[in-house]
Amino acid sequence: MSTLAEEIKNPFTLTAPERPNANALEHEAIYILREVAAQFERPVLLFSGGKDSITLVRLAQKAFWPAKIPFPLMHIDTGHNFPETIEFRDKLVEELGVELIVRNVQDSIDQGKVVEETGKYASRNILQTTTLLDAIEEFKFDACIGGARRDEEKARAKERIFSVRDDFGQWDEKNQRPELFDMLNGQIEMGQNVRVFPISNWTELDVWSYIQKENIEIPSIYFAHKRNTFLRDGLIWSAEDGVVFRAEDEKVEERIVRFRTVGDMSCTAAVESYADTIDKVVSEIRDSKISERGARIDDKRSEAAMEKRKQQGYF
Amino acid sequence: MEVLKIATAGSVDDGKSTLIGRLLYDTKSLTDDKLEAIERTSKQKGYDYLDFSLATDGLVAEREQGITIDVAHIYFSTATKSYIIADTPGHVEYTRNMVTGASTSQAAIILIDARKGVIEQTNRHFFINNLLRIKDVIVAINKMDLVNFSEDAYNDIKADFEELMGKRDYQDQKITFIPVSALKGDNVVNRSQNMDWYTGQTLLEHLEELDLQDIYNVGTPRFPVQYVIRPKTEEFHDFRGFAGKVYGGELSVGDEVVVLPSMTRSKIKAIYFYDTEYQTAPRRSSVTITLEDEVNVSRGDMLVKVGDLPIIDKQLTATISWMDSNQLTVGGKYVLQHGVNKTLAKVDAIDHKIHPDYSGIEENVSSLNMNDIAKVRLRLNKPIFYDRFKEHRTNGSFIIIDSRTNHTAGVGFIE
Ligand SMILES: Nc1nc2c(ncn2[C@@H]2O[C@H](COP(=O)(O)OP(=O)(O)O)[C@@H](O)[C@H]2O)c(=O)[nH]1
Ligand SMILES: [Mg+2]
Numbered sequence: 001m002s003t004l005a006e007e008i009k010n011p012f013t014l015t016a017p018e019r020p021n022a023n024a025l026e027h028e029a030i031y032i033l034r035e036v037a038a039q040f041e042r043p044v045l046l047f048s049g050g051k052d053s054i055t056l057v058r059l060a061q062k063a064f065w066p067a068k069i070p071f072p073l074m075h076i077d078t079g080h081n082f083p084e085t086i087e088f089r090d091k092l093v094e095e096l097g098v099e100l101i102v103r104n105v106q107d108s109i110d111q112g113k114v115v116e117e118t119g120k121y122a123s124r125n126i127l128q129t130t131t132l133l134d135a136i137e138e139f140k141f142d143a144c145i146g147g148a149r150r151d152e153e154k155a156r157a158k159e160r161i162f163s164v165r166d167d168f169g170q171w172d173e174k175n176q177r178p179e180l181f182d183m184l185n186g187q188i189e190m191g192q193n194v195r196v197f198p199i200s201n202w203t204e205l206d207v208w209s210y211i212q213k214e215n216i217e218i219p220s221i222y223f224a225h226k227r228n229t230f231l232r233d234g235l236i237w238s239a240e241d242g243v244v245f246r247a248e249d250e251k252v253e254e255r256i257v258r259f260r261t262v263g264d265m266s267c268t269a270a271v272e273s274y275a276d277t278i279d280k281v282v283s284e285i286r287d288s289k290i291s292e293r294g295a296r297i298d299d300k301r302s303e304a305a306m307e308k309r310k311q312q313g314y315f
Numbered sequence: 001m002e003v004l005k006i007a008t009a010g011s012v013d014d015g016k017s018t019l020i021g022r023l024l025y026d027t028k029s030l031t032d033d034k035l036e037a038i039e040r041t042s043k044q045k046g047y048d049y050l051d052f053s054l055a056t057d058g059l060v061a062e063r064e065q066g067i068t069i070d071v072a073h074i075y076f077s078t079a080t081k082s083y084i085i086a087d088t089p090g091h092v093e094y095t096r097n098m099v100t101g102a103s104t105s106q107a108a109i110i111l112i113d114a115r116k117g118v119i120e121q122t123n124r125h126f127f128i129n130n131l132l133r134i135k136d137v138i139v140a141i142n143k144m145d146l147v148n149f150s151e152d153a154y155n156d157i158k159a160d161f162e163e164l165m166g167k168r169d170y171q172d173q174k175i176t177f178i179p180v181s182a183l184k185g186d187n188v189v190n191r192s193q194n195m196d197w198y199t200g201q202t203l204l205e206h207l208e209e210l211d212l213q214d215i216y217n218v219g220t221p222r223f224p225v226q227y228v229i230r231p232k233t234e235e236f237h238d239f240r241g242f243a244g245k246v247y248g249g250e251l252s253v254g255d256e257v258v259v260l261p262s263m264t265r266s267k268i269k270a271i272y273f274y275d276t277e278y279q280t281a282p283r284r285s286s287v288t289i290t291l292e293d294e295v296n297v298s299r300g301d302m303l304v305k306v307g308d309l310p311i312i313d314k315q316l317t318a319t320i321s322w323m324d325s326n327q328l329t330v331g332g333k334y335v336l337q338h339g340v341n342k343t344l345a346k347v348d349a350i351d352h353k354i355h356p357d358y359s360g361i362e363e364n365v366s367s368l369n370m371n372d373i374a375k376v377r378l379r380l381n382k383p384i385f386y387d388r389f390k391e392h393r394t395n396g397s398f399i400i401i402d403s404r405t406n407h408t409a410g411v412g413f414i415e
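Line by line, the protein sequences are chains B and X.
The first sequence: position 57 = 57 (the numbering used here), numbered continuously.
The second sequence: position 146 = 146 (the numbering used here), numbered continuously.
These aren't lab readings, by the way, just hints derived from the structure by calculation.
Be aware that one or more of the hints could be misleading.
As the list claims (entries may be wrong) - In silico BS3-like pairs for lysine-lysine, Cα to Cα no more than 25 angstroms straight-line:
{"id": "1", "chain 1": "X", "residue 1": "Lys174", "chain 2": "X", "residue 2": "Lys158"}
{"id": "2", "chain 1": "X", "residue 1": "Lys5", "chain 2": "X", "residue 2": "Lys135"}
{"id": "3", "chain 1": "X", "residue 1": "Lys116", "chain 2": "X", "residue 2": "Lys167"}
{"id": "4", "chain 1": "X", "residue 1": "Lys269", "chain 2": "B", "residue 2": "Lys68"}
{"id": "5", "chain 1": "X", "residue 1": "Lys28", "chain 2": "X", "residue 2": "Lys5"}
{"id": "6", "chain 1": "X", "residue 1": "Lys34", "chain 2": "X", "residue 2": "Lys167"}
{"id": "7", "chain 1": "B", "residue 1": "Lys68", "chain 2": "X", "residue 2": "Lys34"}
{"id": "8", "chain 1": "X", "residue 1": "Lys45", "chain 2": "X", "residue 2": "Lys28"}
{"id": "9", "chain 1": "B", "residue 1": "Lys280", "chain 2": "X", "residue 2": "Lys34"}
{"id": "10", "chain 1": "B", "residue 1": "Lys91", "chain 2": "B", "residue 2": "Lys226"}
{"id": "11", "chain 1": "X", "residue 1": "Lys232", "chain 2": "X", "residue 2": "Lys314"}
{"id": "12", "chain 1": "X", "residue 1": "Lys305", "chain 2": "X", "residue 2": "Lys382"}
{"id": "13", "chain 1": "X", "residue 1": "Lys158", "chain 2": "X", "residue 2": "Lys116"}
{"id": "14", "chain 1": "X", "residue 1": "Lys28", "chain 2": "B", "residue 2": "Lys280"}
{"id": "15", "chain 1": "X", "residue 1": "Lys269", "chain 2": "X", "residue 2": "Lys232"}
{"id": "16", "chain 1": "X", "residue 1": "Lys267", "chain 2": "X", "residue 2": "Lys305"}
{"id": "17", "chain 1": "B", "residue 1": "Lys91", "chain 2": "X", "residue 2": "Lys232"}
{"id": "18", "chain 1": "B", "residue 1": "Lys213", "chain 2": "X", "residue 2": "Lys167"}
All chains, please: the whole structure from these sequences, using the hints.
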């Protein structure tokens, strides 16, 4: 029998020594998930089908085993998904036997609550916020678990693990609750809710190493594949599925690519890569010179882009 | 091997953000796009060097005012360790943020501007690191380039700091002095070419060599129950698992335990992490424990080893760091959260308050303002199971919640 102490010390014998600590992070994340289940009445796990939320699901399985995950998953569907991620989502939910709630950005558009963006950079990424806030109200969720990490972006680096949002879903970054030791204060008023980030302290490489070690299945678009693409602003965009607007002079070419994040298709660029296995992906990330969000156009809109979106209730 | 969390402390403009940026840069942790952004912005602002603080100051107000307002967490790793650095603001009014950053850290870097030397802020930072029993403190004497890399300047500051050390009450703290230039990169990751007289380690060398096993404070095992797992499935019909995190020491199958507060005795039957059984649950592991006997255990209860009982009491004295804009007042009622256990608390008395410049104490105070640190006596509506903070960093601390606002209003370190 391997001892847990050894595992905490040397969890990644396969890939050591780059990020040998992920198990300490795993135990921290499990602690946080259990606090959510204990402190809130209606928690929900925000599931995008991306690697971070898939990792969260695995952590939640571990936290509550042999019981089922004691909260539903919710997908805010922009309608601009990679088809692979939807298939993947449905299969996972079936295996876990948990409830899946889907709310569509398209409905918010149809109800006239938000207006679809147009033009070259049109994206539904920002529109998601409205759909999310409506869903929180509809189900009276008091805690929304998300897969955001502090290393993703500078404004995220200031985020708490329990982050209180007001009735309008707003983040008051200057008035955040201090978090001391590992005590988490989940007391809120009616109408408020808490965004919870169990993998706050993980880096992108930690997540990938974890997926590798745990042998977690992830959607195929994370691995190198052939795809019809075009170039814009130095980034590679998918020319398939017609979601990303493409001007006529933007030439379609087949490239070997993979995706590093799987957000809304309209704002997620691909990277050229031959990494077609998890081991290759881990080594690629380790050597990478471009940050993960470097391939997301939504952050490039302005330097303060993320902070602004967060104040308005974004994930 | 583990994660090392480090808190930084220093006054405004002492160079904390620059130091962290420099660490990231020299360990090649900045990706090209982040570097480009720093170069671009530095140029726009007309600087003739790279402003590394841009790598860490994430909020708009921070970039506008060029100061750090809130704690930011910065990540980087080397071949041997992963580091999380809390970049904490230096102003007096952010004492609470410094306490917060230090509470999750095992090491601290106190920055001193070589031109200014030991100032009131240094005093405060050292006091807080002492109060929070941070085991490894690095005093980085920064901006050495602005004092001609002078050994005398360094020695004078070191001597002044050593005088402060005479006053500390946590003697186990290890203190290391390093002369650096965060801006130019001397003795941060790379050895300085300008300070031959310094033969000690660079900052990174020091961090790399820290023994993490050593740095965590060891105490007696405590297992606060977070959540009771009852699957209610055919397969696990009678399963009642107690989920929680182990603090202070380890617990093993067969250990005789006492459940607090009921004082019921039982034995550990099994320890699970996910679907695997283990013989031992080490410190800081999040496990699920089952007991031999059917005992009543719920959230907030605690399992401890027979013969290793904590203090069980309704009254306590603690040093409190107040963090809220609403004052703490004698007679005031609050929610006290001790680990995962909550109770109501009433402030019986404020024994004394530490002078804001840490020169002494002030008696006869009836209220505390934000950023005050004071010794306070509390009465609780039910007993909690605690250790003294000196002996147990986790089981000896609590937070105070103001139930009118639900804010975390303060933190306490039990005497
Ligand atoms: N000459 C010199 N300037 C420095 C050094 N470290 C920081 N600075 C400058 O001091 C100013 C304040 O630095 P910053 O990192 O923002 O300080 P913070 O408030 O402690 O985070 C900036 O203009 C830095 O460029 C150093 O070692 N030498
Ligand atoms: Mg700063």
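Okay, the hints, checked on the actual structure:
no.: 1; hint: Lys174(X) to Lys158(X); verdict: holds (14 angstroms)
no.: 2; hint: Lys5(X) to Lys135(X); verdict: holds (12 angstroms)
no.: 3; hint: Lys116(X) to Lys167(X); verdict: holds (21 angstroms)
no.: 4; hint: Lys269(X) to Lys68(B); verdict: holds (22 angstroms)
no.: 5; hint: Lys28(X) to Lys5(X); verdict: holds (19 angstroms)
no.: 6; hint: Lys34(X) to Lys167(X); verdict: violated (43 angstroms)
no.: 7; hint: Lys68(B) to Lys34(X); verdict: violated (41 angstroms)
no.: 8; hint: Lys45(X) to Lys28(X); verdict: holds (24 angstroms)
no.: 9; hint: Lys280(B) to Lys34(X); verdict: holds (24 angstroms)
no.: 10; hint: Lys91(B) to Lys226(B); verdict: holds (24 angstroms)
no.: 11; hint: Lys232(X) to Lys314(X); verdict: violated (36 angstroms)
no.: 12; hint: Lys305(X) to Lys382(X); verdict: holds (22 angstroms)
no.: 13; hint: Lys158(X) to Lys116(X); verdict: holds (12 angstroms)
no.: 14; hint: Lys28(X) to Lys280(B); verdict: holds (21 angstroms)
no.: 15; hint: Lys269(X) to Lys232(X); verdict: holds (19 angstroms)
no.: 16; hint: Lys267(X) to Lys305(X); verdict: holds (9 angstroms)
no.: 17; hint: Lys91(B) to Lys232(X); verdict: holds (24 angstroms)
no.: 18; hint: Lys213(B) to Lys167(X); verdict: violated (49 angstroms)
Consistency note: the structure conflicts with the earlier hints numbered 6, 7, 11 and 18.
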